[in-house]
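**Q** Listed below are the residues making up each chain.
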Amino acid sequence: MLIGAIVAGVVFGLYFTLVGLGLNLVFGVMRIVNLAHGDFLMLGGYAAWWLLSAFGIHPLPAAAIVLVVFMLAGLPLYYLVVPRLQRARDSEMLSLILFFGLSQMIEAVTTIVVGTTERSLPGRLLGIGPMIVLGARLPKPWVFSAAVSAVAVLGVYLYLYRTRLGTLTRAVMVSRDEALATGIDIHRVSAIAFGISLGLAGIAGVFAPFMLGSITPNIGVGLNITAFAVIVVGTLGNPLGTVVGGIVYGVSLMLMQTYFSSWANLLPNLLLIAVLLARPQGLYGRRVRLA
Amino acid sequence: MSPEPPLLVVEDLVKRFGGFRALDGVSFHLAPGEVLGLVGPNGSGKTTCINVISGLYPPDGGRVSYLGHSIGGVASHVLARRGINRTFQSPKPFLSLTVRENVLVAATYGNAGVAPDLDALLASVELDTLADRPAGELNSAQQKTLDLARALATSPRVLLVDELAAGLNPAELGRMADRLRALAAGGMALLVVEHLMGFIDRVTDRVVVMNAGHEFFEGTLAAAIKDPEVIRVFLGGAHG
Amino acid sequence: MNIRGALAGLVLAASTVFGARAAPAPAEIKVGTLYASTGPFAAISMPAYDGIKLWVKQANAAGGVYVKPYHKKIPLKLIAYDDQSNTATAATLYNQLITQDHVEILISDSGSVLTSVAVPIAREHKQLLFDLSGTGAPFFSKDNPYIVLMSLPISTLWPKAQADFLNDVGWRAGVRKVAILYATNDFTGTHAKSLAGYLRKAGKETIVYDQGVPTNTTNYSVLINNIAAAKPDAVIELGYPGNDIAFLRALQDSGEKFRYVFTLFGGFEMHAVLGGAGASAMVGTFTYIPAALYPYKVNYGPTVEQFHAAWDKAYPPGSGVAWGADGLMGYMSGLVIERALATTPGMSQLDLRRAVFALSGKLDTLAGAFRLNPVGAQIGEMTPMGQLRADGPHAVRPVAVYPPALAMGKPEFGPRSGQ
Amino acid sequence: MRKRGLLPDLLLPALVLVAFGAAPFLYSNELMLFNFVTFLALAQGLNIVYGFTGYLPFGYVGFYGAGAYGFALAVMHLHAPPLAAMAAGGAAALVLAVVLLPLLRLSGAYFAIASLAAAQAVYEVVSNPALENVTKGPYGVSLSGVFAPRFSYFVALAILGGAFALVVWLRNSRFGLALQAIREDPVSAASAGVSVVRGRTIAWLLSALVAGLVGAAFAWHISVFYPDTAFDLGVSIFATVFVLFGGATTLTGPLLGVLILYGVYNWIGITVPQYFQFIYGALIVGLVLFLPNGLVSLLTARGIRVP
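Chains as they are written, first to last, in our numbering: chain X, 1 to 291; chain S, 1 to 240; chain L, 1 to 419; chain D, 1 to 307.
So here's chain X without its partners, still in its complex pose (with noise of 0.2 angstroms):
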């Protein structure tokens, strides 16, 4: 049971850290935390279902869709709200309730036109029955999840590390400022982050329903709280950081509800407020963040 659980978790960090890793890019880049971000996350999942019943498009390609096209709504948004936001004096405040109040408007568009219903996948899409990974019996789709997780992770690595974007982008997650002084596009490097943002959040809402469950309107409020808990846990601000936070929140989460499972919710708000308290540079990472 304990091989199982950490496997297990660690499957299940894997798309944590997917479920994450935009809302750290934003942060790290613009310095702002989208509370929205886990409705993004919903809207992929039901984009996959959508495309799924009407098209009957397999959710692979669906997430490959629901990447570009998120992406592209991101540019526009960013525009809209985030140069904005940075103008004020309490950025960071504003934005955290400027995107709580988008949050509730995408909650309720939602719901105006699908419904509560709890929606869902058939799993067998991503496969039928248990796989075994070290001995672990492991839902097929989970398996599948984490793996397009790690191609993420890996895709967002080589943009950061590996283009002349992802450079200057690093370059405006150092500082800002400086950035701004040796000329480098600010806004033109943020718009794209954000566009990748919601990017992955949408691929993370197309495998929801695998991981999940199943998916209603209003998971994103709960999501946020996860996904903070996970940058948080990880390092805010450094997206790859990420990859700690998810597989600590996985394992732990896996193990809570191997052996005390009733406890099991309360573990990502306690990890929030242990490591915020504790460590608030993150478990991998060093920036000070007090008043």
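There's no promise every hint is true.
Here are the simulated lysine-lysine pairs, DSS-like style, with alpha carbons at most 25 angstroms apart [said to hold, decoys possible]:
{"no.": "1", "chain 1": "L", "residue 1": "Lys-68", "chain 2": "L", "residue 2": "Lys-362"}
{"no.": "2", "chain 1": "L", "residue 1": "Lys-142", "chain 2": "D", "residue 2": "Lys-136"}
{"no.": "3", "chain 1": "L", "residue 1": "Lys-193", "chain 2": "D", "residue 2": "Lys-136"}
{"no.": "4", "chain 1": "L", "residue 1": "Lys-231", "chain 2": "X", "residue 2": "Lys-140"}
{"no.": "5", "chain 1": "L", "residue 1": "Lys-362", "chain 2": "L", "residue 2": "Lys-73"}
{"no.": "6", "chain 1": "L", "residue 1": "Lys-77", "chain 2": "L", "residue 2": "Lys-126"}
{"no.": "7", "chain 1": "L", "residue 1": "Lys-257", "chain 2": "X", "residue 2": "Lys-140"}
{"no.": "8", "chain 1": "L", "residue 1": "Lys-177", "chain 2": "L", "residue 2": "Lys-193"}
{"no.": "9", "chain 1": "L", "residue 1": "Lys-257", "chain 2": "L", "residue 2": "Lys-204"}
{"no.": "10", "chain 1": "L", "residue 1": "Lys-177", "chain 2": "L", "residue 2": "Lys-160"}
{"no.": "11", "chain 1": "L", "residue 1": "Lys-72", "chain 2": "L", "residue 2": "Lys-57"}
{"no.": "12", "chain 1": "L", "residue 1": "Lys-77", "chain 2": "L", "residue 2": "Lys-57"}
Computed footprint of chain X on chain D, listed as stretches where at least three residues anywhere in the stretch have a Cβ under 8 angstroms from a Cβ of chain X [said to hold, decoys possible]:
{"no.": "13", "segment": "97 to 105"}
{"no.": "14", "segment": "114 to 123"}
{"no.": "15", "segment": "126 to 138"}
{"no.": "16", "segment": "277 to 283"}
Think of the hints as simulated: they come from the structure by calculation, not from any bench.
Ideal placement from N, C-alpha and C gives every residue a C-beta, glycine not left out.
Knowing the structure of chain X, use the given hints to seat chains S, L and D on it.
**A** Using the frame of chain X, we list chains S, L and D on its own:
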């Protein structure tokens, strides 16, 4: 020089940020009625020194004593009541409060004894006409003056002044220098960090020159500018 | 005739005369209810609300319902608010229905949670609460006459059918160890507890796993691993449709096999669960079967075929309104209320209560036998045990298997593990 | 010149208290009136911590829930009379606030989210089936023995009076000024002699106390409730939006927020909640972008003092 025993004594003060030693064994002393200039290139630790003395950061080594008691690590608001106060390099007024309210807070909370007359205080720094305006509407020079007024409202015996002169026009500079001298004449001890050497020359009795976190010269400014080491540091340093 | 009888007759006559004068027949009978368009209870609330709407629509198409005190047919007016599965909102809205809309008939939202807040409010305002499906035992007490449970047996009684089945047929088939996994809400929590109580009382099967999880649980994979570690023969999962869907999917994905798997809504909201979990995850599982899913002889209201036709006409397949037990219960509660209005001695809330109680033991509707105990709890409408069989590759059909009197087929248990 | 504002500062709350004192005799949906009183008090309670220290606890509902359960536990286990149980509710919120004091070390956004996580954590504990013998776990509590809607309504009104009094005091006292100084700049507030930790702690505890007492009154008034009602994130959201909409640090702002937004909510929101949720969200977005200091800033920006 002042015949009285020193109010403030700084010995071998150390402050580290991660691996960087911002203060690396600074020592100096300050007597009542004395104005001490703290000069040195950017990054030499002047502001950090003020931050540690005023209680913003606890020291990592060495000793700060005030009236014979160690005050290293004592919180800012306690020091303010005991008579140590400061201004900030970039002014930090309470933007949404009025000028008078800014000073009122300090007079109420930063005084161990009787608070000074606020109207007179504001008049003395030429902020009386702006008393009911929100601090956010003041220009940068006025905000710096407000910083000073707020510090004075706590009736300090030691005043740490961090680059008050920058941005003032020549007439304002002159008045500010006179003001600081008048404070010293009243028995207050002042530590002045400043880049403008003319201003330093006008207000200070002696200077301490810092580089890389510790002091290496102490004496009058006139002597300092003849010191080969000082010349080397300033010409070779980042300040230029 | 003695004096008391004479007095009673006088009072009755007076109340009829003056009552009629004081209150001429209203233009409409106001029926107030709540529904949850969102949240955890939407899955059971919306179909029930659709059922009530269907009843009101049909009644009004026939010129209204006959109301005895006025000797005429009066149209119904349905006033419904959305409580979004939130009990605080629901409390305010129940108050609104009673104090501002002055509804004659107050029907609670589906489920025990959204009913619970209505109980003290209805009692405070002396308004009879037609409790749709809030089966929580604490609602019913001798000192509160203002509640009557319309459908579903009270949750302390309901699980007896399953316990009997396991003790009888299950025991003979070799079921020895039972696991119970339930969602911790009034409905399934109480259900799980009394089921465990019945099993312990019988003293045959042992309960090797008994665990509650939050109702919003969507991920059952680890829980199923934990259950498998306890090596039970029978696994009983009690939750709302969302829980059942997630459980059945996770069970299929895990590859674990148990001899007996039970879900409550697999039968009660068969179509909704089918849409979420798929037929292959459901085939062979056990469930309760509502009367509408097996040939049940009714003496009041439509037959299965008639009801199905009416439902499909009002909510054509594909309209997103799933047909299941909750819709039926909403509709049938309406029919019982209609009959009560047709027989009530007066229009006071306690008169209505008397009228409903007078129907106890007399009605056999598609929801089952309508029987009330003295405090207003439903003790009829028992549901038989059923098993889901494949009906083509993408559908399942329920087969009643217990009690023998209602059985249409033999239960099929899974193979013994390790054999 | 501060004193000039005292009269309107006293008049406005008095007017509101009189109006809501008379309302139950004129309008029979008392629970709706109670909800208004609840949100008026919660909005002022949130105003204490947000308006005067700049800390916005998303998990403000945690204190409300702690108060509700403090009340319920005192009634269920100690058979306390309702007014004593009210005190227990307030005490429960205070204890939680003390436990969460370390959160005040965090800066704005982290504080907001950490407080939310804390409220969720308390909810998970209270609603845990393992604690069914203590809290009744997820099955909710029923306190029909102390059900007294009219009396508890006026108790809630008294709490609202207390919340108003606290805000009036903060707006017209040097301590309130010191808190605002902390909000503007903690470092220079400390050099002005203000104890930042002490100031924030007092504001935090007062704010928690208000929410705790309101939660206890809610438990008493409604008498049947579940952990997900007592810890409903919607309570935090509503209170936050009301304060932001009207404008913090004033008495008028949160008041306007509740009367307008909650009024509209009860008027149209209950029939079409999704549209209302959408409008709420849009309002938040619009306010942050165009009017970050709320409705009253239309006046205060022109130098007009608003009570």
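**Q** Hint by hint, say whether it matches the structure.
**A** Cross-check of the supplied hints:
Taking the CA atoms of Lys-68 of chain L and Lys-362 of chain L, the gap is near 19 angstroms; set against the 25 angstroms cutoff, the hint holds. Between Lys-142 of chain L and Lys-136 of chain D the CA atoms are separated by roughly 23 angstroms; this keeps the pair inside 25 angstroms, and the hint holds. Between the alpha carbons of Lys-193 of chain L and Lys-136 of chain D the distance comes to roughly 14 angstroms, so the proposed pair stays at or under 25 angstroms and holds. Pair hint Lys-231 of chain L plus Lys-140 of chain X holds up; C-alpha atoms about 23 angstroms apart against a cutoff of 25 angstroms.
Straight-line distance between C-alpha atoms of Lys-362 of chain L and Lys-73 of chain L comes to about 23 angstroms, which keeps the hinted pair within the 25 angstroms bound. Restraint check for Lys-77 of chain L and Lys-126 of chain L: the C-alpha separation of about 21 angstroms stays at or below 25 angstroms, so the hint holds. Taking the CA atoms of Lys-257 of chain L and Lys-140 of chain X, the gap is about 17 angstroms. The hint holds against a cut of 25 angstroms. For the given pair, Lys-177 of chain L sits about 17 angstroms from Lys-193 of chain L by alpha-carbon distance, which is consistent with the 25 angstroms threshold.
Among the hinted pairs, Lys-257 of chain L with Lys-204 of chain L is consistent with the structure: their alpha-carbon atoms are about 22 angstroms apart, no more than 25 angstroms. For the hint pairing Lys-177 of chain L with Lys-160 of chain L, the CA-to-CA distance comes to about 18 angstroms; that is within 25 angstroms, so the pair holds. Proximity of Lys-72 of chain L to Lys-57 of chain L is assessed by CA-CA distance (about 18 angstroms); at most 25 angstroms being required, the pair is judged to hold. With a C-alpha separation of about 10 angstroms, the suggested pair Lys-77 of chain L and Lys-57 of chain L falls inside the 25 angstroms cut-off, and the hint holds.
Coverage of a stretch by a chain is defined here by at least three residues with a beta carbon nearer than 8 angstroms to that chain's beta carbons; for the segment 97 to 105 of chain D and chain X the count is 4, and the condition holds. Check on the segment 114 to 123 of chain D: 6 of its residues sit with their Cβ under 8 angstroms from a Cβ of chain X, so the three-residue criterion for coverage holds. Only residues whose C-beta sits within less than 8 angstroms of a C-beta in chain X count toward coverage, and the segment 126 to 138 of chain D has 3 of them, enough to reach three; the restraint holds. With 6 residues bearing a CB less than 8 angstroms from a CB of chain X, the segment 277 to 283 of chain D meets the requirement of three and the coverage assertion stands.
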